[in-house]
Structure formats: C-alpha cells, structure tokens
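Given the structure of chain A, go ahead and fit chain B onto it with the hints provided.
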Amino acid sequence: MRNLINAKRRDVLKSLMGLVAGLFVPKSIMAEKDQQKRFDWADDSIHYDPHDHKWGMGIDIDNCIGCGRCSAACKIENDVPREPFFFRTWVERYHILENGETIIDSPNGAIDGFNKKPDEEDVLRSFFVPKLCNHCDNPPCVQVCPVGATYESADGVVLVDSEYCIGCSYCIQACPYGARFLHPVTRTAEKCTFCYHRIVRGNDPACVEACPTQARIFGELEQKASPLHRFKRMNRIGVLKPALNTEPKVFYAHLDMEVK
Amino acid sequence: MPNWIPNLPEQVRRLALLVVVVVIAFLIVRPMLIPAGFGEQGHFRSGALNDAVAHDYKYAGKASCEECHDDMTSMLASGYHNNLSCEVCHGPLAGHVEEPEEVQPEFPRGRNFCPVCHEYLSARPTGFPQIVSQSHNQLKACINCHEPHDPVPSEVPEKCSACHGKIARSKAVSHHANVECDFCHSVNEGHKTSPREFRAAKPIDRNFCGQCHADSENGSDAPQIDLSSHEPRYVCWQCHYPHLPEAK
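Protein chains in written order, with this note's numbering: chain A, 561 to 820; chain B, 21 to 268.
Excised from the complex, chain A in its bound form (with noise of 0.2 Å):
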C-alpha cells in the first residue's frame, strides 16, 4: 500500500517537472524561431534586416515648389511605363478659388513640372501636395488581397509580389489614395515602394533624393534621433483621410483641410 502511494507521488512529481520544463520549450523554440526570421537575401552583399527598421515618409507642404523632379524621378527610377495614368508618386496642384470652389490639377503628374494657369485671378490660396502610397500600418490592399501577393514587410513597407499577383485589381479599387495602377504590359498590380532595393541598401528613395527643398524627408519612425521623429516632433502633421482608420505612414507638416 506505501509502496503503491509512493509510487505514485513520484510520478506526480515527475510529470510535474516534466510539466514545468516543458513550460520552457516553447520559449526556446520561439527564440530560435525569432533567430531563423533573420532574412536570407541573395544578394549577399545586402546587410539587412527587415525587423530593425521601421520606414515612412515626413511630406512639408510649405517647401514643396511643385517642379516635379519627384515624379519624374521615380519613373525613371523604378521604369514606370511614361504614359500618363501610371504613376508611383505624383505631384497635385490645389487652387482654392475665392468662391470656395478647389481646383486640383496635376499634368502629367508633374514629371514636366507645372505651367502658369491663365486664369489664376480668383485664387484664394494655392500650394502643392506630393503623393504616394501611404504605406498603412492597416492597409486595405493588404486585406483584400486573394492570394496573399500583397503585403506588409517587417519594416511596414507595403509591397507586392508580382511572381503571384493575378492582376485581380481588388487592391487597386480598396486603395482610398488612388495609390496603385496595373502595369500595362506585365498586368500584375503595382505602387511605391519606398524603393525598396535603395533602402535596404542604404541610399534614400529616388524622390527624396531628387527633391531639391527638402520637401519630403524620408527615415525610421521609430527611432527618436532621427530627421522624420523630429520632423514629426516639430511640426503640426496630418494624414490623408484619417477617417477611414488606414494609419498612413506618410506624414503632411502643413496639410491644408481641403487636401483629400
């Protein structure tokens, strides 16, 4: 009968520390999860790693002078086909006219800059607003994407896998920023991508580098000594259509009420 209870004790015991140990497991097995996370490029002169970042895009409205080497910049960067329609980032003119009326022009996405509107009487105010894809920490591109071809990096850069987009364009219609065109000759989805291949290289997107008054400021989000988080620090920003909940990472300083 002790014998029995005795026994039994042990095995309660064992199975407890086998219980506790095992508490620990997963904890390890996660690490090493964690560690093979660590992205192998192919290109192995590229020493990076997409979980130590966090990118968006800082957009002063009240330095940008509308010349467009932005956008023309990106088209030649990223081959961009040169007609109209498909664009990647593009610039647009506001005019708001006395009467409350707001005009929005932007010829050619600005990639030959903008000409004088003849009849720029009745203009109450006027400015330009650089566009791209806002790179949403909730994007809806991202959600109603079929096949899983869309998506959002660790470092919350929106990308797309064109090897498995279908050219569905469900995405291009969940874009509220209009952000995305379906490339017309390999008909799979596409939009800015922070130009990843600078980025993970170390150099600044074509736009940014192009911009001539440091109108768009691009850098980590989440590190406090860095040009966007005190871009961010200093200035009063906006995002486009905040309503809908997207969390944009491009940040407007001086962002007009009218701007949609």
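One or more hints might be untrue.
[To be verified] Quick partial rundown of chain B residues pointing at chain A, CB under 8 Å, derived from the structure:
{"id": "1", "residue": "F58"}
{"id": "2", "residue": "Q61"}
{"id": "3", "residue": "K78"}
{"id": "4", "residue": "Y79"}
{"id": "5", "residue": "G81"}
{"id": "6", "residue": "V108"}
{"id": "7", "residue": "L141"}
{"id": "8", "residue": "S142"}
{"id": "9", "residue": "A143"}
{"id": "10", "residue": "P145"}
[Unchecked claim] With a straight-line Cα cutoff of 30 Å, these simulated DSS-like cross-link-like pairs (lysine-lysine) come out:
{"id": "11", "chain 1": "B", "residue 1": "K82", "chain 2": "A", "residue 2": "K792"}
{"id": "12", "chain 1": "B", "residue 1": "K82", "chain 2": "A", "residue 2": "K614"}
{"id": "13", "chain 1": "A", "residue 1": "K614", "chain 2": "B", "residue 2": "K186"}
{"id": "14", "chain 1": "A", "residue 1": "K676", "chain 2": "B", "residue 2": "K160"}
{"id": "15", "chain 1": "B", "residue 1": "K82", "chain 2": "B", "residue 2": "K186"}
{"id": "16", "chain 1": "B", "residue 1": "K160", "chain 2": "A", "residue 2": "K677"}
{"id": "17", "chain 1": "A", "residue 1": "K792", "chain 2": "B", "residue 2": "K186"}
{"id": "18", "chain 1": "B", "residue 1": "K78", "chain 2": "A", "residue 2": "K677"}
{"id": "19", "chain 1": "B", "residue 1": "K82", "chain 2": "A", "residue 2": "K784"}
[As the list claims (entries may be wrong)] Which chain A residues stay away from chain B? Per the calculated CB distances, all over 12 Å, these:
{"id": "20", "residue": "Y737"}
{"id": "21", "residue": "S786"}
{"id": "22", "residue": "K792"}
{"id": "23", "residue": "R793"}
{"id": "24", "residue": "R796"}
{"id": "25", "residue": "K820"}
It should be emphasised that the hints constitute simulated quantities derived from the structure, not laboratory data. Beta carbons are placed, not taken as given, at the ideal position from N, Cα and C, and that holds for glycine.
Structure of chain B alone, referenced to chain A:
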C-alpha cells in the same frame, strides 16, 4: 479493429471515411499550392523580398559623385543649390559611376530647364526665388549669367536680402518691386552688423502710404485711393501686406 467501430451506423462510417479522405487530400495538396517560404516572414512568400530588391539603380545618389568630382560637390554644397542632387540636372547616372567614359551625363543648357523650378507660380511658397522667364533677360541662356553649381545673381544683390531674403524675394515679384526697401524703412548702417541694437524704422501711419496712393498731385503712377474714406479704422498693412500688396 476495436469492436465499437462495426457498431457505428453505416452513414457515420461513410462520413468519417469522407472526412479522412478530405483531410489527407488537404494535407497533400496544401504544400503544392502554397509557395515556398510563405509565412516565414509574414503572410507572404518570403522570396518576394528578394524580388523586390533585385532591381537596378538608375540614380547613383549625390554622395557617389564626390569620389571623382569633389570640386563640383563642394562648390554645390556652399551655394544656394546645396540641396539639389547632381542627377536632378545631369540625369540618372548610376551607369556613369560604374563606367564614366561609357555613360555620358546630360547637360541642361537651355532656357526651358531651370524654369521647372524657378518660373513664377502662385502655388509656390512665398519667398522662393522665382522669375517670369518671358521678361527675365530673355535673349540669353540662364547659365550665361548664373553658374548652375553656384547660382548667385550676377550683380551683388541688395544688401537687405542677405538677411531678409524671403521678404526681398516676395517683393521682387510684387507690385512694389520698384519701391526700394529704404524708401519705407530708414535703416542705420549699424543695422547690418548689429540688427537688434540698431533697429530699422517702419512706417507708422496711413499717411505714409498716402504719399504715393492718396489723391493728390503727387504725380505717382500708383493706383489711387481716398485716405479719409478708404477703411479709415485700420492701418493699411492690416489688409495689404506691404511686401506683396494685393487689391481687388
């Protein structure tokens, strides 16, 4: 076979078989449909990241020019064009950085190039240096008078603009372009060296603007108003910014 199985009703047994077949089929087909690497980095094919970065640079970036053209980069860095990228004017030059002799840069020497940034547009921020190219020295190329890497107006600019550039440049495209600063502000020479010690004077009353604008025999070609009836409760600059006066 455990003896409870034959006791199950026929339809349940068939159903169970179906479930087993479906599950096995799912397990076999799933890996075939899901691309390699899916889920490793998130809800996507991890190889897509490799595809995203396998794209050639077109723009080498300003930093890469310095190695071979440090004279030009330092000239650019010290002037008004310090924020400009070389390639915004010379075109994308990643190829040139690799093989300087093979890939030649563009040279935007024409008068149609600089105005993409400098032509007067009302939407441009006030104070950004702008010209109306139709009337700005239209017979010569811009680079005849302005070195593109260090553009300074070829004459020494008004001294005030050294520190009040924004005001000077707004005024330059305004109706008051031809009214000199010191007509409205009497300035002690000392202001240019210690501006806070020697304050510049500003107009104080409506009569000042009236010198040119109020009906009298002043012979000015300025548009005329009647001082006593034109909004007498305010000083003029509560409505008209003197450096960019607007009416209508």
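Status of each hint after checking the structure:
no. : hint                 : verdict
1   : F58                  : holds, 7 Å
2   : Q61                  : holds, 7 Å
3   : K78                  : holds, 5 Å
4   : Y79                  : holds, 5 Å
5   : G81                  : holds, 5 Å
6   : V108                 : holds, 5 Å
7   : L141                 : holds, 6 Å
8   : S142                 : holds, 5 Å
9   : A143                 : holds, 4 Å
10  : P145                 : holds, 6 Å
11  : K82(B) with K792(A)  : holds, 26 Å
12  : K82(B) with K614(A)  : holds, 24 Å
13  : K614(A) with K186(B) : violated, 36 Å
14  : K676(A) with K160(B) : holds, 22 Å
15  : K82(B) with K186(B)  : holds, 27 Å
16  : K160(B) with K677(A) : holds, 25 Å
17  : K792(A) with K186(B) : holds, 25 Å
18  : K78(B) with K677(A)  : violated, 33 Å
19  : K82(B) with K784(A)  : holds, 26 Å
20  : Y737                 : holds, 20 Å
21  : S786                 : holds, 18 Å
22  : K792                 : holds, 21 Å
23  : R793                 : holds, 22 Å
24  : R796                 : holds, 17 Å
25  : K820                 : holds, 17 Å
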